[in-house]
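Protein chains: 2
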Amino acid sequence: MVQQDRRVRRTRRGLQEALFALIFEKGYDRVTVQDVLDRADVGRSTFYTHFRDKEALLLAAFDALSEDLRGELGAVASDPARPAEALFRFAYERQPAFRALCGKQGGEVVQRHLRRMLTELLMAQLCLGKPVVPAEVVVEFCTSTTLGLLGWAVDNGFPHDAAWLAAAYRRLVEPGVRAVLRPA
Amino acid sequence: MVQQDRRVRRTRRGLQEALFALIFEKGYDRVTVQDVLDRADVGRSTFYTHFRDKEALLLAAFDALSEDLRGELGAVASDPARPAEALFRFAYERQPAFRALCGKQGGEVVQRHLRRMLTELLMAQLCLGKPVVPAEVVVEFCTSTTLGLLGWAVDNGFPHDAAWLAAAYRRLVEPGVRAVLRPA
DNA sequence: GGCAGAACCGAACAGAGTGTTCAGCATCGG
DNA sequence: CCGATGCTGAACACTCTGTTCGGTTCTGCC
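Chains A and B are the protein sequences, given in the same order.
For what it's worth, numbering that gives the first Met the number 0 labels the leading residue of the first sequence as 0, then goes sequentially.
For what it's worth, numbering that gives the first Met the number 0 labels the leading residue of the second sequence as 0, then goes sequentially.
None of these hints come from the bench; they were simulated from the model.
Note that this is a predicted model, so its numbers are computed, not measured.
Hints are supplied without guarantee of correctness; some may be wrong.
In this list, chains with the same sequence are indistinguishable; a pair is considered to hold if it fits within one copy or across any two.
[Stated by the list, open to error] Computed cross-link-like contacts, DSS-like style, restricted to lysine-lysine with a CA-CA straight-line distance of at most 27 Å:
#1 K53 to K103
#2 K53 to K25
#3 K25 to K103
Produce the entire structure from the sequences given, and follow the hints as far as they go.
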């Protein structure tokens, strides 16, 4: 049976939606398991049969997203700007989720995971010649700017579209990376 | 009386040092008030006469630093790379504190404050002509890279000196900023 | 339609951590 | 030396967590 019991789907979905709404309202740290229970109208014991704790619920929600995201990010060429653009597009298509997961309101847990995912991806595809600056630092640079811009967009309610954000990213990031990878 | 009671100094200092050590050992989130009390050998009630909660203790420690930091950052010219360099130098002079406050182990509280401080500073001194990209985004870019590099240095035990970090920063960040501030 | 099994419920419980109170002791500065 | 201030430690109420379990409801399947 590849598809779960309907009740399970309902419960998990309800818990996840309640969590997102509550994160948006008062921030991940201030959300309590009891809050989620009340909002989703789910029994306490039921919650703990599905998730070990609040963080597990968050990560389950994140994993559902990140599986799709990995697909899109994996298909990009070895251009350091591509992952960022794919991520921006992806975020714009799922604004509600990103509003809860990234930005000020989301916990640092998701930020850490996102950062690690991006870092690994960039490390894998940035195996270039002798850069002036260690590849590790270049990757750190790309990751920080990507997540920084994304967070900015999220916290400002996605004021422009994904293409605009990608253009800004290219303008700001590419010159530096180019200068470092091709020593003058 | 400009100087406090010696007992007060001793207590506050002990609490702060205990907090830093514990953050370094197991990360801010996992540090409990009781841990700090035991480590500093201070009574529970004493703690709460000094600080409202764990976060207040952290912020008091941070404020002591940030006062000095503001001084150094305030004196820089309107070159967007200067604040970063000053911050790097400052961090290298107080590695133990930054190991606790920034990096993976430190809570996101300090990160938020540092980010806000940097953002405000850069916003104030980056009042330039019509940039291709909103100044807000440029500032976000600079802030993210500065904190990103700093976090990297902290988490890797300050592998190079401040000048090296500043040079890497300039190489990576300046080309993009220049390209954006002076439309081709 | 009916049945076995799975999911859900809710109440109760133990445990950890928080923040407050207070009476008594110690230490400080003058 | 003394009045004021700070520290102590134990006790307490509170919130949140994570677990347990007997009883109820729903689902998939025959």
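Hints, one by one, checked against the model:
1. K53 to K103: This pair counts as both: shortest intra-copy Cα distance 18 Å, inter-copy 20 Å.
2. K53 to K25: both (15 Å within a copy, 20 Å between copies)
3. K25 to K103: both (10 Å within a copy, 24 Å between copies)
The structure meets every hint from the earlier list without exception.
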